[in-house]
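Colleague: As a plain string of letters, each chain reads:
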Amino acid sequence: MTNKVWVYVDQFKGEALPASWEAVTAGRDLADKMGTGLTAIVIGSGVEAIANTAIQYGADEVLLADDASLEDYRANPYTAVFAKAAADAAPDVVLFPTTSRGREVAAMAAIDLNTGVLVDVTAMETEGDAILATRPVYAGKLLCKVKCATRPQLVTLRVRSFGKPELDESRTGTTTAIDAVMAEDEIATKVLDYVDAGGGVSLSDANVIVSGGRGVSSNPAEAPADLSAEDQEIWKAHEGFRLIGELATVLGGAVGASRAAVDAKYIPYAHQVGQTGKVVSPDLYIASGISGAIQHLAGMRSSKVIVAINKDADAPIFKLARYGVVGDLYDIVPALTVALKERLGK
Amino acid sequence: MKIIVFVKQVPDSAASVAVEDGKVTWGDAPLVINPWDEYAVEAALALTEAHGGDVVAISMGSEDAKEALKHSLAMGCAEAILINDPAFAGADSAAAARILAAAAQKVGDADLVIFGKQAIDSDTGVSAAMTARVLGWPAITLVAAIDALDADAKTIQAQRAMEEGRQVVSSKLPAVLSIVKDYGEPRYPSFMGIRKASKAEIPMWSAADLGITAPEAVVSWPEIMSPPAREIANEIIEGGSPEEIAATLADKIMAEKVL
Ligand SMILES: Cc1cc2nc3c(=O)[nH]c(=O)nc-3n(C[C@H](O)[C@H](O)[C@H](O)COP(=O)(O)OP(=O)(O)OC[C@H]3O[C@@H](n4cnc5c(N)ncnc54)[C@H](O)[C@@H]3O)c2cc1C
Ligand SMILES: Nc1ncnc2c1ncn2[C@@H]1O[C@H](COP(=O)(O)O)[C@@H](O)[C@H]1O
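One line per chain: the protein sequences are A and B, in this order. For reference, each letter of the first sequence is one residue, going 0 to 345 in numbering that gives the first Met the number 0. For reference, each letter of the second sequence is one residue, going 0 to 258 in numbering that gives the first Met the number 0.
Hint data in this document are derived by calculation from the structure and do not stem from the laboratory. Cβ atoms here follow ideal geometry from the backbone N, Cα and C, with glycine treated the same way. Fair warning: there could be bad hints in the mix.
Only some residues are given here: those of chain B computed to face chain A with a beta carbon under 10 Å [said to hold, decoys possible]:
1) VAL31
2) VAL125
3) MET161
So that you can see chain A by itself, here it is in the shape it has in the complex:
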């Protein structure tokens, strides 16, 4: 265990999150630059297959904590395993994906290891074994360079900010088993259930996002007359989100929303993009019926190609859009779905 660069692999129910492989890819790069090997640490139960995949993505060695007590993610037992391994082997750098679990384990381990954490980093430079990281602050209105004086430097990488991972099935490496650190009766939290598990909205990983805003409620169709005014509005908006969903499906993407759409109950909060929603950077972001308030832009401004569809030619979203259509989303979105379906041969 002499590798100076480590990666923490985040997994759920035995499946690694794609962001973990982005971190392994970034870790491989960093290890090569620093002239050292790459260790991946995998924690869970029934997660052996992940260890093998981590090697194929670029790890030289995997530390594998596979134990029934680690079946479900819980902050304390997971942190205990990671912090003990890191204290024993003293790596210089550990990269984590900035997922809910990755961020939390990094934060807690920083306390245990008396070190610091550089959170949600979008770029890294090296000076010897020191990392100079760049991270957005104030919702991306500013960028900040950060560094950590102590070791290990714990760094969480923003999802979709580093290169795409590539699998090399011919790669080999070693896997070393490590033990769980906490006994079940020492753990104060119990996981009882998952609700909506699997039905979660994976906006952060999405390559394409099609979003709708308050504009989806201006549906030309008549809502059933027996509904209340609020329900009529929601009825109209649901039709708009159905059209948006169809476009997203054709593009293999996810559905996003503005806060106005979420607050008006057109769609659940899990879809909200923005400063108090999810921060995303897909390759293609299509905003329809969204004005482009600063808090919305904060969540999607780093998207590669932005398309805006809005009735109002003066909507601020057009300033950020590579392509804009001034028009009614109820006309344009279904027509775009047909046109793209044809071109994609679907």
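Got chain A sorted already, so can you dock chain B with the ligands onto it with the hints?
Modeller: Frame of chain A, contents of chain B with the ligands only:
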């Protein structure tokens, strides 16, 4: 029940933030309570309404931060405390967590310590987990709903919003929570609350009051800058029927090679 809620004061989310002479400025935009922390205050108040007890709001920052505390008092918190010491100025997240933990210890006997999800200035979102670790208490972060709380048995059951959906967990108290937006809309300050808050004396605690020396910061930020301007060629697609416009747009999107 005694609940502590940590609130931070930040520039308004609509502020145009910029860097001038290496310093962050936000013009005359107001400073407000961190929007995520309003959900934390709401959860704390709702729990004490259901189970009895009081909420203490604590902020660390300059004297300006009293505004965030007054907002918390106006929403219904019973007490507010400002942690203020020039020695704490350069604190990184871990140092801040040690200071906040010391404040929670000084308040004493808390059943729950509640945080917002993230501060919208630094955007780090680690304080709840770190403070829990310093206190040695369980952390239940990203709480979207609280299903049950037993003040006598000192247990809680909550739903955490994760990538895959919600994880339902139970835990012993005392515990540290962070609250996300699904929890429910925060209440507005009441008229009486605003009057009470405007008259409230907010005690200030220094490092000496907390009985600690300023923890050393290990994370530094040598440079802060405006992001490089992004050159975006804006192209409005117009002319013809929706089908024609959609066809042109589809061709352009295909040519971007992002699909
Ligand atoms: C603390 C704070 C945090 C916030 N966080 C977020 C956040 O995370 N995410 C977020 O999105 N917002 C956030 N907001 C809210 C934000 O300020 C805006 O209110 C919100 O983004 C507006 O949503 P919208 O664009 O859907 O609605 P509107 O601003 O009402 O815009 C609707 C648009 O739809 C267009 N339109 C109407 N009908 C049609 C049609 N048939 N076809 C095409 N276009 C049509 C209109 O021209 C208009 O431009 C936050 C606000 C605050 C104060
Ligand atoms: N200076 C502070 N004073 C009080 N609470 C804070 C402070 N900084 C952070 N917090 C709390 O920690 C949460 C997460 O902040 P952060 O980890 O900085 O993103 C915030 O939502 C607040 O509840």
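Colleague: Now look at each hint and say whether the structure bears it out.
Modeller: Verification of the supplied hints:
1. VAL31: 13 Å, violated
2. VAL125: 4 Å, holds
3. MET161: 5 Å, holds
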